[in-house]
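Now for the letters of each chain:
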Amino acid sequence: MLKTSEDPKQEKCFVKKKRKDLISLKDLNVNEILGLLERGDYWSDHLNSRFSIIPRTVDNPIVSNLFFESSTRTRFSFEVAAKKLGFHVLNFEPQNSSVQKGETLYDTLRTLESMGTNAAIIRTSEENILQEVAPLLELAVINAGAGANEHPTQGLLDILTMRQHFGKLNGLKVAIIGDIKHSRVANSNIIALGKFDAKVFLAGPENLLPSDDSELIGPHTQKVPVDYAVQEADVVMMLRLQRERHALSNVADNYFRDYGLSRERFNLMQNHAMIMHPAPFNRGVEIDGDLVEHPRSLIYKQVSNGVAVRMAVLERAL
Amino acid sequence: MSATNTNTFNRERLYLQENSILANLKPSDGKINFLPNPKKSKIAVAMSGGVDSSVALYLLKEAGYDVVGITAWIISGSGRCCDNGVVDAVKVCDQLGVEHHAIDLRKDFAEGIIKEFHESYAQGETPIPCISCNNDIKWGSLLSYSLAKLGATHLASGHYAKIVQDENGLHLYRPLEENKDQSYMLWGLTPQQLSATVFPLADLDKSEVRKIANLAELCVASKPESQDICFVSNGMTNSDYLLKILGEKPGDIVETDTGKILGKHKGSFNYTYGQRKGLGIAHPEPLYVVKIDSKSNTVFVGTKNKLAGQTAKAKNRNLINDYLGVDFKALVKIRYNSDPTPAQVKLIGDHELEVEFYEPVTAITPGQALAIYDLESGLELIGGAWIC
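From first to last, the protein sequence lines stand for chains A and P. Sequence positions in the first sequence follow the working numbering and run 242 to 559. Sequence positions in the second sequence follow the working numbering and run 324 to 711.
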C-alpha cells in the first residue's frame, strides 16, 4: 500500500531507481552476471589502451568512495576504474565510525547525492546497512565489502579470472581453503559459483567453516579435508586468516602446517590446477611465499581483473 | 632576483621548477616567502573549492611539488557552500591529475566551532569562529590527518599571508595583497604549526590569482568570493540564525549613564559593541551599544565617547615569536577590519595579556580577537589573544 507520509524516506521507497545498485550477487541472475563478465573481459583487454579512455570534462559523473574500514587496494582499484571511465572520484574520509550507521549514513549519502554524486562505493563493517539505505536513494549503492557478509566485486573478479583461464565456469571444481566463516570473499564466490553449477569444496579449521544450517551451504558445496580439496580442485583459492574479525592467538604456526598451501601441498595439486588468493596474503601463514608469483598462480591476474570488473560494475550502475 | 634586500635567502627554493610561477615571483617588500624543498616535501593543499586554494594547488604542482588535495567537510545540508566546495575541489584536482580526499569533520566542527559560537553569543560576546576554525579544524584535525594518514610534510592553504625564514626561525608576515590580508585570522598558529605550513599566494594579488586561474583554465576560475559565516545558510541573516538557535530572550536596553530604560530587545545576541543601527530608539544624540551584560540580559547604550577604551584584557594568547619579551610596544589590531594601533603589550601569567593603547580605540569587543604586529614595519604578526 502506498503511504502518504510526511517522512521523505517513506515516499522515496516507491521511486523506481534508474541507477543500478550492486549489493549482493544473490540479486543478480546468470545473464546479468554474464553481462558483467563480458564487459569485464572487454575492459581487461583494453585496460591499457588509450583509445578506450573516456575524456575528462567537468560535467562527467561523480562517484564517491566511502570506506569505513581501511582497504587501500580495493579503494584504489575502484578509483582507478572510475578514473579510467572518466568519472570524478570524491574520496570521503570518515573520522568517526558512527557515520556508517543507519540514519547518519543515510544523511551522508543524501548529501552526497544532492552534491551531484551518482554512485556511492561503500565498505562498511555493518552487515545489512546497504540493503536498508539503497532503496531510499537515487544514487547507485555499490558494495565494496560489508562486514563478513559479501564482497560482490571480488566474487566477480574471481570468476572472471577463472573463466578467462579455463574458458568456462560450469562444472569447474573450486577449493576454498581457510577462514571461510569470516570471509565475505568466500561468501561472494560461493554465491557466484553456485549460479554456474560449479562445485565448491570448503576446507579449513572446523570452527572457521560455515555451520551446516548456513544459507551458504547448498547442493554445490561440500566440506572436505584440506588435502582432498587440493587434490581434486581445478582452482585452489587460499583465504587470508582474518585476524581482525576474531581473537585467535598463536594459531599462525600450526595453521600453515595444517591448512596452508605449502610446497608439499602444492605438489598434490593436479597439473592444470591454478592458485588464487584475494590478497593481501600472509606469506608463510596461509601460503608459501614463493607460490604467490609461481607460473601456476593467478593472483596478479586477479588484481588487474579487479579494475576491469569494477569498470564494468560502474558502467552498469550509471 | 636580488637577494640583497632580503634578510635571508630560502635555499630550498633553488629546487623549484625553473620556469614555474612560484620560482619567478619577485616580492615587492623584499621578504622571501618560505617554501620547502620540493624534492623532500609532500604538500597537502587545503581546498575550499574556491579560486584561491585552487590556484595554490596549481602553483605548487607547477613548481614541482608532490601534492594532494584535501577538503574539510565541516557542514552539510542542501546548498551549503561546503557541499559545492567539495565537488569543485574534486573537479579541480581531477583537472590537474591530483589525488583528493574529503575529510569528514562535521562532528568536530559541530561540537567545537559551532557550539563555541552559540555559547559565546549567549555570554554577550561577539565571536569570530573563523579563527577557531583555523586553529582547531584547518591547522588542527586537517593538518594532523594530512601528516598521519597522507604522509604529507606540509599543509598549504589559499590564505593571503607570508612565512619568512631568518636565522631565528620562521615568522608570519602580512602578504603583498593588502586588501586580502588574512594574517589577522592566523594569529593562533603555533611555531610548530607554522613550520608545517605553506602559503603559495603570499606574493600575489587577487587579480593575478584570477589571471592564473584563467590561464590554467581551472573550472572554478570565475567562481565568486564567499563571504560571511559559512554555517549560516544563504538568505538567512545572522540574527535570524541566532534567534532560531538561542530563542527569543527579551530584555532591556539601558542608557549607561542614567540607568534609564530606553527600550526592549529580543535577545542580546542581536547586538555587538559599537553598533548604532537597529537599536530602535529615538534619542537626540546617536547612541551606540557600549556594553552587553549577559547576566542581567541588558544591552547598555551610550554616546560615541562612551565607546572609547584604552585598555583591553585578553586570554588564551598565542605568540608565534617571543623575542620582544614580556612588556613591549607593538601595533595591535582589535578586529578584522580595523587598523593596527600603537599600544603597550604586557604578558600576564602563562595565558593572558593586557594591552594599553596610546590613543583610545573604539569598541573593544569581548569574543573578538586582537592580533599583535611588530611596531617598526607593522608587517610581522607576533601573536594574538581573545578579548575578554
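Be aware that one or more of the hints could be misleading.
What the hints assert, rightly or not - List of simulated lysine to aspartate or glutamate pairs, DMTMM-like, C-alpha gap at most 20 Å:
#, chain 1, residue 1, chain 2, residue 2
1, A, K324, A, D348
2, P, K529, P, D489
3, A, K409, A, D454
4, P, K587, P, D551
5, P, K638, P, E608
6, P, K362, P, D389
7, A, K440, A, D454
8, P, K472, A, E334
9, P, K572, P, D616
10, P, K430, A, E344
11, P, K638, P, D650
12, P, K430, A, D453
13, P, K472, A, D348
14, P, K567, P, D489
15, P, K546, P, D575
16, A, K542, A, D531
17, A, K542, A, E344
18, P, K430, A, E273
19, P, K546, A, D454
20, A, K342, P, D489
21, P, K472, P, E439
22, P, K472, P, D504
23, P, K472, A, E310
24, A, K436, A, E310
25, A, K324, P, E422
26, A, K464, A, D438
27, A, K325, A, D286
28, A, K342, P, D650
29, P, K430, A, D300
30, A, K325, P, D431
31, P, K349, P, E578
Source of the hints: derived by calculation from the structure; they are not laboratory data.
With the threshold set at 20 Å, check whether the alpha-carbon distance from K440 (chain A) to D454 (chain A) stays at or below it. 19 Å, holds
Measure nothing beyond the straight line between the CA atoms of K572 (chain P) and D616 (chain P); if it is 20 Å or shorter, mark the hint as holding. 13 Å, holds
Given the proposed pairing of K529 (chain P) with D489 (chain P), does the C-alpha separation stay at or below 20 Å? 27 Å, violated
Could you grab the alpha-carbon distance between K342 (chain A) and D489 (chain P) and see if it respects the 20 Å cut-off? 51 Å, violated
Does the alpha-carbon distance linking K349 (chain P) and E578 (chain P) stay inside the 20 Å limit? 55 Å, violated
Can you confirm whether the C-alpha distance between K409 (chain A) and D454 (chain A) stays at or below 20 Å? With a Cα-Cα distance of about 30 Å, the restraint between K409 (chain A) and D454 (chain A) is violated, given a limit of 20 Å.
Hey, K542 (chain A) versus D531 (chain A), does the alpha-carbon distance stay inside 20 Å? Judged against 20 Å, a Cα distance of about 16 Å means the pair holds.
Straight-line Cα separation of K472 (chain P) and E310 (chain A) no greater than 20 Å? 14 Å, holds
Within a Cα-Cα threshold of 20 Å, do K638 (chain P) and D650 (chain P) meet the stated pairing? Holds - the C-alpha atoms of D650 (chain P) and K638 (chain P) are around 16 Å apart, at most 20 Å.
Given the proposed pairing of K430 (chain P) with E344 (chain A), does the C-alpha separation stay at or below 20 Å? Holds, at about 15 Å.
Proposed proximity, E422 (chain P) with K324 (chain A) (alpha carbon, max 20 Å): 11 Å, holds
Satisfaction of hint between D504 (chain P) and K472 (chain P), Cα-Cα up to 20 Å: 31 Å, violated
Violation of the numbered hints given earlier is confined to hints 1, 2, 3, 4, 5, 12, 13, 14, 15, 17, 18, 19, 20, 21, 22, 24, 28, 29, 30, 31; the remaining hints are satisfied by the structure.
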